[in-house]
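As given, the protein sequences belong to chains D and X, one line each in that order.
Counting from 4, one number per residue, gives the positions in the first sequence under the working numbering.
Counting from 4, one number per residue, gives the positions in the second sequence under the working numbering.
Incorrect hints may have been included.
It does not matter which identical chain is used: a pair holds within one copy or between any two.
Each computed DMTMM-like pair below joins lysine to aspartate or glutamate, with the alpha-carbon atoms no more than 20 Å apart [stated by the list, open to error]:
| id | residue 1 | residue 2 |
| --- | --- | --- |
| 1 | K44 | E28 |
| 2 | K13 | E52 |
| 3 | K46 | E28 |
Hints in this document: simulated from the structure, not taken from any laboratory.
There are 2 protein chains.
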Amino acid sequence: MKTDYWITNKPIEITEVVAKVTRPEAGAVNTFIGTVREFTKGKRTLHLEYQAYVAMAEKKLAQIGEEIDQKWDGARTAIAHRIGRLEISDIAVVIAVSTPHRNDAFEASRYAIERIKEIVPIWKKEHWEDGTLWIGDQKEKQSYTENIPAEDDMKGK
Amino acid sequence: MKTDYWITNKPIEITEVVAKVTRPEAGAVNTFIGTVREFTKGKRTLHLEYQAYVAMAEKKLAQIGEEIDQKWDGARTAIAHRIGRLEISDIAVVIAVSTPHRNDAFEASRYAIERIKEIVPIWKKEHWEDGTLWIGDQKEKQSYTENIPAEDDMKGK
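Here chain D stands alone, though its shape is the one from the complex (with noise of 0.2 Å):
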């Protein structure tokens, strides 16, 4: 894998994603992995579809690793979405970064993870028991229940 931002649909390894940020200069690496869970809010899901218009979405992960060296200096990011049908405990997203200090890493890690809900086109769609919606994961503003917006409809993003 040469990217360091990728959208997949195969089981994430965490190791991947973590060599790609690990080096001499850094002595923090922090991870943040978003994993399916069982129950929201006392409804439970059976299983989960992400959607994802893949090359706007590692696009739009390249950019947060481009806020993020702007934001910390000396950091290094490395992003993996998966998308398709993800069963209750598998892992849907992988965020490393390392800096050469802790603090960093952690600050780094965790806007990462609030920007990739807010600007990367990724979708999933619920299966609860009784029933099906699709979410956008930006900042789950709207949900659709037939089906997610059109690719054309994403341009202006």
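Dock chain X against the given chain D, drawing on the hints supplied.
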């Protein structure tokens, strides 16, 4: 490995630590990975040596996990710390904390690394180009040119 808190002289597998806290109730895992940094304030480290009073160190790691249980609802914690000789970029410590919601995972993981530095009897011997020094991981307040303190002196900690 039965315990969730352990000292080891073998390489730490990140996935093993993360697996201990992954569960259906948790949607977030934060991982802090401490690696051996080559340069500290312009001084080059060749390699490091960690020593610990193992039984006491493992007890203190478990105590940190209990403290996290008290402070963050539904958190689960696992911590592994390596001892012996470590090369540049080797993993010295891995903390994993899972929580239902991500904010808690970041905070609890951050708490864990600070507490490790405060209360766990682990020392590192820096091997620089121009000499060596034992440094207590306890906030690095005290250095020892010859040896780490005797275990008996630690009992009151």
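Q | Structure versus earlier hints, numbers of those that do not hold, lowest first | A | none
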